[in-house]
Amino acid sequence: MNTMDKYISTVVKSVPPSGIRKFFDLVTQTKGVISLGVGEPDFVTPWHIREECFYSLEKGYTMYTSNHGLLELREEIAAYMKRSIGVEYEPQDEVLVTVGVSEAVDLALRTLLEPGDEVLVPEPSFVAYGAGSSLAYGKPVSVPTFAADEYRLKPEHLEKCITPKSKILILAYPNNPTGGIMDREDLEALTDIIIKNDLIVISDEIYSELTYDNKHISIASLPGMKDRTVLLNGFSKAFAMTGWRIGYACGHPDIIGAMTKIHQYTIMCAPIMGQKAAIEALRNGDTERKKMLESYNCRRKIILSGLKEIGLECFEPRGAFYCFPSIDSSGMNSEDFCEKLLVEEQVAVVPGNAFGSIGEGFIRCCYAASINNIENAIEKMGNFLTRHRSV
Amino acid sequence: MELKKKILGLIEHDAKLNPKTIAVMLDEDETVVRETLKLLEKESYILGYNTIINWEKFGEDGVTAMIEVKVAPEREVGFHNVADRICRFPEVRSVYLMSGTYDLSVVVCGKTMKDISKFVSQKLSTLDQVQSTVTHFILKTYKQENFIFEEPEEDKRLVVSP
Ligand SMILES: Cc1ncc(COP(=O)(O)O)c(C=O)c1O
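Protein chains in written order, with my numbering: chain A, 1 to 391; chain B, 1 to 162.
Careful, some of the hints might be misleading.
As the list claims (entries may be wrong) - Ranges between beta-carbon positions, derived for each pair:
1. B:Ser94 - A:Asn284: 30 to 36 Å
2. A:Glu51 - B:Tyr102: 40 to 46 Å
3. B:Glu74 - A:Thr287: 41 to 47 Å
4. A:Glu75 - B:Glu41: 48 to 54 Å
5. B:Ser94 - A:Glu58: 33 to 39 Å
Claimed, not checked - Listed below are the simulated EDC-like cross-link pairs for lysine to aspartate or glutamate, each with C-alpha atoms no more than 20 Å apart in a straight line:
6. B:Lys20 - A:Glu294
7. A:Lys291 - B:Glu145
8. B:Lys156 - A:Asp25
9. A:Lys291 - B:Glu12
No lab work stands behind these hints: they were computed from the structure.
Cβ coordinates follow ideal geometry from the N, Cα and C atoms, glycine included.
Please build the complete structure, drawing on both the sequences and the hints.
Here it is in structure tokens:
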């Protein structure tokens, strides 16, 4: 076959393929895998939400919505923002419904970046911010976070990475892959730096409902931060709605308006079925959501105690549904560890370096899996470690 | 009290959870959980552990009937004595006192329809207090004790995702 490589834009070429993708291909070739490698809830969307979607289809809601999304949904989102994080947004022009937080991340980056602007990305981090920044002609700059700090972003580490080109700071707490969170004091310690350096924050709060001790605090709720923050959230994690592809952005009307411009030409609107379901989730979804949270919390404890038992050191995650143990004691690097574990024990976990080079030496284990699978996976990992440590 | 309720909440839907796992889930000591479980059994908070089985898989599913029973209540004891007597038949699975047009709902299992009709005509209807019965046979079980009787839903997620 002819190579068509020369036709591909250099920007797209410059973005490395996702480390997760590579591992995914390997996993799909293996049979009988117990997977702690997923990034989504193990619940199916609660029935009442699915049922609301059927009803809307029966009623014939199969058309485009306003570019911003259904006003009814935006009103629910604004009300939810007020009650959950105490920030008021105007449903008319400060809320945009998107195709998942994924689209919202892309929109925000494209809206804000000039070519060459720098995006500060605390790592380990979800994979979209770096790639999204590059695709928007910006430059991702990784800011390290450490297990010793419970993966909180510390002002001293942030300050070291700021240059005159810095424009955006990504905050994604509760964090994928570490499970770290930022408490009010942690956020307060950053605001002076953010304001002094005139940064805009893209705050991806998709795991905001999945915290285990403290209620989630949004940076947008701190004095002087609302206008500087593009707040992103969605339905995928809290309501087990990953496949529906509904997220949203809240922020200053100028920024939301500009994001809407891209959205209207590239996407038109998020699918109406998902939007209808999302309204139901916000109106009546709390009971089921809390049940799921309880259940993740139980499993969080089980996996932590299991990891400890087999001698993998792990910081106690306070949010999301991941833990991020160190595999230092195995003497292997992340990719080797994950590949061997997959081949020898048919257990899938994700190599930490897929979330930035600072994730080397760690693995991400998702505990949105059945208790049985978690316990089996831990046992198999234990056997694996015993075998390799003694060699 | 709280711990008892928490433990019961966990094992209500999964009797196989072992004390060690329960202890981890509740941030409790394993021995405390073991002791509490023993106590719950001793004090009859926990009456027993059943298994929910789909016998249809063997093609020999047996017969279950729900029988509506009208009863003449007795002075001082109301429905209690007759309910108690009905409970003692081994073929009776459950007995409920109902509001509405009849009094007791009795669930009975047998191998064949004949077994059940025999039970109704010879044992149940002949009790002095029983005035009438209406027998409904269960044709198919779709859901029982929270479990849906189709093939279990498999995990449809991608095995690895960001
Ligand atoms: C931190 C983070 N942001 C965004 C997403 C994508 O969310 P959505 O399904 O809303 O596009 C994920 C999914 O894994 C995530 O972990």
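Results for each hint:
1. In this structure the hint that serine 94 of chain B and asparagine 284 of chain A lie 30 to 36 Å apart at CB holds, the actual value being about 32 Å.
2. Between glutamate 51 of chain A and tyrosine 102 of chain B the beta carbons are some 33 Å apart, a value that contradicts the proposed interval 40 to 46 Å.
3. A hinted range of 41 to 47 Å holds for the C-beta pair glutamate 74 of chain B and threonine 287 of chain A, which are about 43 Å apart.
4. In this structure the supplied range 48 to 54 Å holds for glutamate 75 of chain A paired with glutamate 41 of chain B, their Cβ-Cβ distance being about 52 Å.
5. Hint check: serine 94 of chain B to glutamate 58 of chain A, Cβ distance near 38 Å, so the stated range 33 to 39 Å holds.
6. Restraint check for lysine 20 of chain B and glutamate 294 of chain A: satisfied, since their Cα atoms lie roughly 18 Å apart, inside the 20 Å limit.
7. Of the supplied pair hints, the one linking lysine 291 of chain A and glutamate 145 of chain B holds, its CA atoms being roughly 18 Å apart against a limit of 20 Å.
8. In summary, the hint linking lysine 156 of chain B to aspartate 25 of chain A is supported, as the alpha carbons are separated by about 17 Å, within the 20 Å threshold.
9. Restraint check for lysine 291 of chain A and glutamate 12 of chain B: satisfied, since their Cα atoms lie roughly 15 Å apart, inside the 20 Å limit.
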